[in-house]
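Those protein sequence lines, which keep their order, are chains L and F.
Letter by letter, the first sequence follows residues 1 to 262 in my numbering.
Letter by letter, the second sequence follows residues 263 to 441 in my numbering.
Since the hints were derived computationally from the structure, they do not count as laboratory data.
Check the hints yourself; a few may be wrong.
As a list, the in silico BS3-like pairs of lysine-lysine whose alpha-carbon atoms are at most 30 Å apart [to be verified]:
hint : chain 1 : residue 1 : chain 2 : residue 2
1    : L       : K145      : F       : K273
2    : F       : K405      : L       : K145
3    : F       : K289      : F       : K377
4    : L       : K74       : F       : K273
5    : L       : K153      : F       : K273
As the structure is a computational prediction, the values presented were derived from the model and not from experiment.
This is what each chain is made of:
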Amino acid sequence: MTRAEIDDLLARHNAGTTTPAEQRQLEGLLESGAIGLEDLETLHPWQEALDQLPAPTPSMNLDDAFYQLLTEEKRNARPAASDSFTWSWLWPRLAFTAAVLVAGMAAGYFLRTPPPGPASSDQLAALSQEVTDLRETMMLTLLEKESAAERLKAVSLTQEMDQASQKVTQALLQTLNTDDNVNVRLAALDALRPYAGQPSVREALIHAIAKQDSPLVQVALAELMQSIQAKSSVRELQKLLDSDKTPGDVKKKIEETIQILI
Amino acid sequence: MTDEMLMKAVKDGDLQQASLLFERYNKRIFNFLAYLASDRVLAEDLTQNVFLRVIRYRTSYREGARFEGWIYQISRNVLADHYQGQKRHRSQFIDVENMSDTLPDNTDAAERDEKEHLLQRAMARLTEEQRQLLVLTRFQHRKYEEVAQIMNTTVANIKVKVHRAIGQLREHYFTLEKI
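Turn these sequences into a full structure, and let the hints guide you.
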């Protein structure tokens, strides 16, 4: 078909006067790439109408359910099974399982307990661990979000933890050193305060001094060094003091801190 | 990090990275499934299932393959499995009266624009494949190349199918308008 014939066919299609045979011809042209969907003007109002239909969005339940699922999957994750499955691999495990089962039944028989009462301390501990794991997973994920509000929420989650794991304190330290938002960095520093007694955290906090460019965080770190009596931080504080970039007020605070520490 | 890098990490056992993929894709997959299943609560369950499969079947992810195509393929499988499980495959017709109550956020039937309502009902009369095509190309603004990959066909074929789907949509719309 010549270009003129194609244009003529398109014009008739757009006017709604094509025959079924011509419609098939148009589809052939569409398939061959001779024309595009944008050439078919009759489609435009429908495409626009579809574009305007409201888009459904998920509720927060989806988030909650996913993070719970992720925590469970992480806990259940085991090294992948060996490709070379053999009875010699399975047999000792089956034997062990059977032995444990028999032992369990025997123990159950001899150590029968009264009817079920309140949950045992083991169950409670397991449940508590599950909640902690869930919080940890959520916290680590929220820290990756673009929104500063979400990252602040992540940091605040650590305050609900009885004892933050090393993974959590490492994530907080990284936030303190690299987050773009000053408020998030300050919150991370605040969240790290209870763990400043741990040697690794203490050392990382001292190293964080040189990495800060915000006067607020610099002052907050100086105050923390003072409160935990981190004498080994003097060298890092001195670097800030010597830097031309450090504001006068901050220098004053650092001078005071150094005087107290030495 | 690209989706593919994240998925490789998940495949290698770093399950935490799945949360980033979830953040990037959960709304899109939910939206896709909500339009197709026409039920928000069900769509949330199905979306959850999609991510469960991403994690559980992580070892089946072929390194280098586009993650987007893979997760949409899983979504389509999850939906198909759901219909099969329910033994009430709605590939031809959806319960349009229920659909309009469950789909959009502004679901006040009295105030709903008549045209929009008719359009949704017309959509519901399309085949499953046609609905998937329109959801991907129109609602989700996916490129024809991406849709072709997701639907495992050629770009040319997708364009013809979109043309036919909109033609069908128009027919259903005018038929419903006369009722």
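Hint-by-hint comparison with the structure:
1. K145(L) x K273(F): holds (22 Å)
2. K405(F) x K145(L): Since the Cα atoms of K405(F) and K145(L) sit roughly 26 Å apart, the hinted pair holds (cutoff 30 Å).
3. K289(F) x K377(F): With Cα atoms ~26 Å apart, K289(F) and K377(F) stay inside 30 Å; holds.
4. K74(L) x K273(F): holds (12 Å)
5. K153(L) x K273(F): OK: K153(L) and K273(F) at ~29 Å, within 30 Å.
In this structure, none of the earlier numbered hints is contradicted; all agree with it.
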